[in-house]
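*Asks:* Each chain, written out:
There are 2 protein chains.
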Amino acid sequence: MNLKQIAKDTAKTLQHYMTYQAIKTVLIQLSQTNPPQWLWLNNFSADKIQDGEALIEELFHEKPELALRIILVRENIVEGVAEFLPEMIITGIQQSNMGHRRQHLERITQLNLSNPSQKTGQQANLDDADSSSD
Amino acid sequence: MNLKQIAKDTAKTLQHYMTYQAIKTVLIQLSQTNPPQWLWLNNFSADKIQDGEALIEELFHEKPELALRIILVRENIVEGVAEFLPEMIITGIQQSNMGHRRQHLERITQLNLSNPSQKTGQQANLDDADSSSD
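In order, the protein sequences belong to chains U and W.
Here the first sequence stands for residues 1 to 134, where the numbers follow the UniProt record's numbering.
Here the second sequence stands for residues 1 to 134, where the numbers follow the UniProt record's numbering.
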């Protein structure tokens, strides 16, 4: 498991996601203050949202003032949320894993409880028990 | 700008991404140790990679030993990389923003340098200067 490479890939993915959130934020602001510019940016970004860097690059040629605004917003967003992310995702994944493990244990337990005769009165056929639980 | 909501959405997106990285890691391991199981998991996950939690939920019904392995791997991944992410993404976005601003300044400067006659000999027509820079 190459943790260093995974960390790099994750940071890159996060950077695209922050750019997406910045564009979304600027779009919400424009929808209230400048509907024509909202419409323009909405159309411009619609098919480019997958690659934030390329979108910003192109936007600097088309409307530099909007590009400058978006990169400022994404800097504010990342500075505002980054420090909270480690605890949030560690806790999120640990809780989710605990939930999956608990459900799995419950299924196994119910499986055993629902087939007491197989366990006491006859040889348990685990293959049958498995398929009857689905 | 609702930073709290953005932090929550980002953590959720990251959780899906960690699950994707865990599946990718287990697939790489299986390709070396158990090709038939690699093929099975590869086919199983192909159209479900967008929603990691739903994939794990379903995998617990199909092959619980693989599901347990994937959630263990994603817990190891998140514990291994989470603490480094804040600095990586803050630095990444700041450097990217600096690059975009520098390029923008260079374009503006070249624009002014490439039209000296317009500035000294005649009234500068900024519209013309803008269009000639593209």
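These are calculated hints, taken from the structure and not from any lab test.
No experiment lies behind these values; they were computed from the predicted model shown.
A portion of the hints provided could be inaccurate.
[Stated by the list, open to error] The following label-pair restraints were derived from C-beta to C-beta distances: (1) U/G80 with W/E53: 25 to 33 Å; (2) W/K63 with U/E79: 24 to 32 Å; (3) U/K4 with W/A46: 24 to 32 Å; (4) U/Q103 with W/E106: 50 to 58 Å.
[Claimed, not checked] Rough simulated footprint, nothing fancy, chain U against chain W, three-plus residues with beta-carbon under 8 Å: (5) 1-14; (6) 37-46; (7) 61-69; (8) 95-108.
A virtual CB, placed ideally from N, CA and C, is assigned to each residue, including glycine.
*Asks:* None of the hints should be skipped; say for each whether it holds.
*Replies:* Right, here's what the structure says about each hint:
no., hint, result
1, U/G80 with W/E53: 25 to 33 Å, "holds, 26 Å"
2, W/K63 with U/E79: 24 to 32 Å, "violated, 43 Å"
3, U/K4 with W/A46: 24 to 32 Å, "holds, 27 Å"
4, U/Q103 with W/E106: 50 to 58 Å, "holds, 57 Å"
5, 1-14, "holds (count 11)"
6, 37-46, "violated (count 0)"
7, 61-69, "holds (count 4)"
8, 95-108, "holds (count 7)"
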